[in-house]
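Chemist: Model the placement of chain B with the ligands on the given structure of chain A, informed by the hints.
Chains as they are written, first to last, in my numbering: chain A, 96 to 453; chain B, 2 to 390.
Everything labelled a hint here was simulated from the structure, so no lab data went into it.
Computed cross-link-like contacts, BS3-like style, restricted to lysine-lysine with a CA-CA straight-line distance of at most 30 Å:
{"id": "1", "chain 1": "B", "residue 1": "Lys316", "chain 2": "A", "residue 2": "Lys207"}
{"id": "2", "chain 1": "B", "residue 1": "Lys314", "chain 2": "A", "residue 2": "Lys215"}
{"id": "3", "chain 1": "B", "residue 1": "Lys30", "chain 2": "B", "residue 2": "Lys127"}
{"id": "4", "chain 1": "A", "residue 1": "Lys123", "chain 2": "A", "residue 2": "Lys181"}
{"id": "5", "chain 1": "B", "residue 1": "Lys143", "chain 2": "A", "residue 2": "Lys215"}
{"id": "6", "chain 1": "B", "residue 1": "Lys357", "chain 2": "A", "residue 2": "Lys242"}
{"id": "7", "chain 1": "A", "residue 1": "Lys242", "chain 2": "B", "residue 2": "Lys316"}
{"id": "8", "chain 1": "B", "residue 1": "Lys357", "chain 2": "A", "residue 2": "Lys215"}
{"id": "9", "chain 1": "B", "residue 1": "Lys143", "chain 2": "A", "residue 2": "Lys242"}
{"id": "10", "chain 1": "B", "residue 1": "Lys357", "chain 2": "B", "residue 2": "Lys316"}
{"id": "11", "chain 1": "B", "residue 1": "Lys316", "chain 2": "A", "residue 2": "Lys215"}
{"id": "12", "chain 1": "B", "residue 1": "Lys314", "chain 2": "A", "residue 2": "Lys289"}
{"id": "13", "chain 1": "B", "residue 1": "Lys316", "chain 2": "B", "residue 2": "Lys352"}
{"id": "14", "chain 1": "B", "residue 1": "Lys357", "chain 2": "A", "residue 2": "Lys181"}
Across the chosen pairs, the derived CB separations fall in these ranges:
{"id": "15", "chain 1": "A", "residue 1": "Asn180", "chain 2": "B", "residue 2": "Arg70", "range": "33 to 43 Å"}
{"id": "16", "chain 1": "A", "residue 1": "Ser311", "chain 2": "B", "residue 2": "Asp220", "range": "50 to 60 Å"}
{"id": "17", "chain 1": "A", "residue 1": "Asn180", "chain 2": "B", "residue 2": "Asp77", "range": "23 to 33 Å"}
{"id": "18", "chain 1": "A", "residue 1": "Ser257", "chain 2": "B", "residue 2": "Ala230", "range": "44 to 54 Å"}
{"id": "19", "chain 1": "A", "residue 1": "Arg212", "chain 2": "B", "residue 2": "Glu161", "range": "51 to 61 Å"}
{"id": "20", "chain 1": "B", "residue 1": "Asp220", "chain 2": "A", "residue 2": "Leu176", "range": "53 to 63 Å"}
{"id": "21", "chain 1": "A", "residue 1": "Gln264", "chain 2": "B", "residue 2": "Arg322", "range": "33 to 43 Å"}
{"id": "22", "chain 1": "A", "residue 1": "Gly261", "chain 2": "B", "residue 2": "Ala158", "range": "14 to 24 Å"}
{"id": "23", "chain 1": "B", "residue 1": "Asn125", "chain 2": "A", "residue 2": "Ser262", "range": "24 to 34 Å"}
{"id": "24", "chain 1": "B", "residue 1": "Arg322", "chain 2": "A", "residue 2": "Val284", "range": "28 to 38 Å"}
{"id": "25", "chain 1": "A", "residue 1": "Glu183", "chain 2": "B", "residue 2": "Asp77", "range": "19 to 29 Å"}
{"id": "26", "chain 1": "A", "residue 1": "Arg270", "chain 2": "B", "residue 2": "Ala158", "range": "11 to 21 Å"}
Glycine included, C-beta positions come from ideal geometry on N, C-alpha and C.
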Amino acid sequence: MSVTQAPAPQKEGELVGRGRRDGNRLFKEWYAELDAAAEGGDPSAYVFVMGSAAEVLKAFDLNLVFPEINSLQMAVRKVSLEYLNKAEDYGYSTDVCGYVKADVGMHLDGRKHPNGRIPKPSIVVATNMCNTYVKWVEIWQRMYGCKVFVLDIPGQRGIGWSTEPGSEQFENDRRYVQSQLEELIEACVAVTGKPFKIERLQENLAHVNRMAADWSAVLKLNQNIPAPFNAMADGLTYMGVLSAYRGTETGARYMAELREEMEHKVRLGLGTIAEERFRLHGVGPACYSYFRRFLELFQDWGAVYVNSEYLAYAGGGLDLGIQFDVERPLESLAEQLLITGRRSMSNMFFSQDQLADT
Amino acid sequence: MAVQVRSAFEAILSPCSELSEDVTYPSVKRWRESHPGGHAIGHFQVYFPEELIHAAGMLPVTLMGAGSRLEAKQADSHIGSFICSICRTSLELGFSGRVGFLDAFYTTPICDVARNLAGIWGRNFKGMTAEILYLPQNANAKQAVPYLRDEYARVLAELERISGRPIEEADLRRSIGVYNENRRLLRELYRYKRETPWLLSTTEAYVLAKAGTVMPREDHNEILRSALAEIPNREGRRQDRVRVVFEGGFCEQPPLDMLQLIEEACYIVDDDLLIGMRWITDDVPETGDPLYALAESYFERSTYSCVQHDDRKPKEEMLLRRVEASGAQAVILAAAKMCEPGLDEQVAYQKTLEAKRIPFLLLDFEEKMTAFERMRMEVETFVESILFD
Ligand code: SF4
Ligand code: SF4
Numbered sequence: 096m097s098v099t100q101a102p103a104p105q106k107e108g109e110l111v112g113r114g115r116r117d118g119n120r121l122f123k124e125w126y127a128e129l130d131a132a133a134e135g136g137d138p139s140a141y142v143f144v145m146g147s148a149a150e151v152l153k154a155f156d157l158n159l160v161f162p163e164i165n166s167l168q169m170a171v172r173k174v175s176l177e178y179l180n181k182a183e184d185y186g187y188s189t190d191v192c193g194y195v196k197a198d199v200g201m202h203l204d205g206r207k208h209p210n211g212r213i214p215k216p217s218i219v220v221a222t223n224m225c226n227t228y229v230k231w232v233e234i235w236q237r238m239y240g241c242k243v244f245v246l247d248i249p250g251q252r253g254i255g256w257s258t259e260p261g262s263e264q265f266e267n268d269r270r271y272v273q274s275q276l277e278e279l280i281e282a283c284v285a286v287t288g289k290p291f292k293i294e295r296l297q298e299n300l301a302h303v304n305r306m307a308a309d310w311s312a313v314l315k316l317n318q319n320i321p322a323p324f325n326a327m328a329d330g331l332t333y334m335g336v337l338s339a340y341r342g343t344e345t346g347a348r349y350m351a352e353l354r355e356e357m358e359h360k361v362r363l364g365l366g367t368i369a370e371e372r373f374r375l376h377g378v379g380p381a382c383y384s385y386f387r388r389f390l391e392l393f394q395d396w397g398a399v400y401v402n403s404e405y406l407a408y409a410g411g412g413l414d415l416g417i418q419f420d421v422e423r424p425l426e427s428l429a430e431q432l433l434i435t436g437r438r439s440m441s442n443m444f445f446s447q448d449q450l451a452d453t
Numbered sequence: 002m003a004v005q006v007r008s009a010f011e012a013i014l015s016p017c018s019e020l021s022e023d024v025t026y027p028s029v030k031r032w033r034e035s036h037p038g039g040h041a042i043g044h045f046q047v048y049f050p051e052e053l054i055h056a057a058g059m060l061p062v063t064l065m066g067a068g069s070r071l072e073a074k075q076a077d078s079h080i081g082s083f084i085c086s087i088c089r090t091s092l093e094l095g096f097s098g099r100v101g102f103l104d105a106f107y108t109t110p111i112c113d114v115a116r117n118l119a120g121i122w123g124r125n126f127k128g129m130t131a132e133i134l135y136l137p138q139n140a141n142a143k144q145a146v147p148y149l150r151d152e153y154a155r156v157l158a159e160l161e162r163i164s165g166r167p168i169e170e171a172d173l174r175r176s177i178g179v180y181n182e183n184r185r186l187l188r189e190l191y192r193y194k195r196e197t198p199w200l201l202s203t204t205e206a207y208v209l210a211k212a213g214t215v216m217p218r219e220d221h222n223e224i225l226r227s228a229l230a231e232i233p234n235r236e237g238r239r240q241d242r243v244r245v246v247f248e249g250g251f252c253e254q255p256p257l258d259m260l261q262l263i264e265e266a267c268y269i270v271d272d273d274l275l276i277g278m279r280w281i282t283d284d285v286p287e288t289g290d291p292l293y294a295l296a297e298s299y300f301e302r303s304t305y306s307c308v309q310h311d312d313r314k315p316k317e318e319m320l321l322r323r324v325e326a327s328g329a330q331a332v333i334l335a336a337a338k339m340c341e342p343g344l345d346e347q348v349a350y351q352k353t354l355e356a357k358r359i360p361f362l363l364l365d366f367e368e369k370m371t372a373f374e375r376m377r378m379e380v381e382t383f384v385e386s387i388l389f390d
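Isolated chain A (complex conformation):
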């Protein structure tokens, strides 16, 4: 089915809540695919939500594993402690990032995740969005001897520092990122033994274009009162699909359908709670180990998260509604990685520049 066609008419009951239902289903299917990949020893790439380079990796049919999502899921399912203890017994300090330790514990336990088995990495791609990513990938490199690729996306240098496409600084940064993408492609060819087909990359970019356009429309729809979705609760499901299905037809279709659902809810004036008294903007992640209680804490008072910074930086920057120029795929990918990557990083390190606009 093409997303440009109107989806088949549905009963109202089916349309409302479809995004969450389908999101959860897609999530399960994705973990089932990873489980099968673990069984069959299929080549897999470990990547991070901020700057996953999914467009390139999927051109080589690599399964994508998101360790941050794995750790988050362990927290939501309240099994992290067991894994954290394993990692600490192994030698990791209590001061080390909990995501890293939960993941290490899971690897020490034979990569048995509560959602399914996780395949070994053939290649891991760390961006510099969080420096801990780079320390994290070194752990897998030692465990499995896998190829490590640090995809370096230079960020904002100071307060108020910005560079526009076309400026000398931006072009310099773009050339650096683009040349790394070319090296990443060489690495993927070496790891998978498959040739690189530029049409595959172009297809993936086109899928992201559709996904990003609809996602940014979905975010805007939440400016309505009442807000059609909770940016923390529902947003987490949407973000999972954004990451895992980035660059796929399935992901693009999902987002088109989500937009349809949200437009429908806005038309009917449907919100997420009976009476929306306060509209909140979330900065930073939620407390996932007490996720439900965390959400109830606000909902009980009539407060709804209508936006969340997390949707921007952990959503791979797609909130900007980016559009790749598929005719110059690598150059355009490099540009957008810079724009969205910077947005993610600056969001954390120079948040004062951005919070005022949101």
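Modeler: Below, chain B with the ligands without anything else, positioned relative to chain A:
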């Protein structure tokens, strides 16, 4: 005669020891007084190409926290408590006005906390350039060197703006020469530590080196030259001590008392303390494009640390090389509390040393710690276990 020789060395050492503990930066203040209209540029750990600042006729100053000598009162209300101490006390240096003499402050993307510091600094200390010097994180990218070269050019332009004068290639070459000399002298200092640790302790070498972080390198070279000339004349008898490498002082610095207590039981024959000063391990070429030469040296003529990923320098192998080259029998694996890169690496080092059956002792520290009794016991027990194994 022996007494006189010893005091000559101590006459050199003593002001360095004082400087090392003084968070009022007297040497920087003196420099500013004697250079009206001059500028001082601060940078955070680990590595910064100070040659750029030096070539502009400005004074580079390394900010590396304040140990136990400053309480992070105001800084604590600006950053989380789960942040390493060096970042908190460095920020406190700003809030308390102690480094008000700076015209700019640079951090590098060594870790999330350090790069974040530029944003916090800029927000709170307005009117001062607060920026990240972007050291490329993909050390294995073909474009890493040219990209860094251009980043150096960007910073240089900002330094020119601050100093109000152009910086010529000849200025840069001269500065590279001064710093090459400095690195040669530091290597010589470390040779003494390695070959005759009874003539030069790590604490002494450390304060001698650290003096260079708050004064012009020409002056520091002078100090190092005089100290090196005196070392062979020092009295000291070789003792039967365990030779250890101290690993884990690349960013937050351990308290001097901690180094001293280790030295009471061992010879520290090599370490990664103030590794940024020794990051470049060979002379930077003094010909050709100086910015390119500096950028290339950062990647190609350099040592290792846990804040750089480079496939050509697997850190545990680099540590083994350090142990072997220094003839150490054991390793003190230290890490600063709340330091993600250091603590992550500590585990990898530990596993490698276990596999190689090299004895090691894990020590967590904080620059501001003041109680060492437990640590002393741990070190003594460790040393005894090696001596009587
Ligand atoms: S962003 Fe935070 S939780 Fe995620 S890897 Fe980095 S330090 Fe860990
Ligand atoms: S001590 Fe560690 S965490 Fe702190 S600034 Fe240095 S490298 Fe970063």
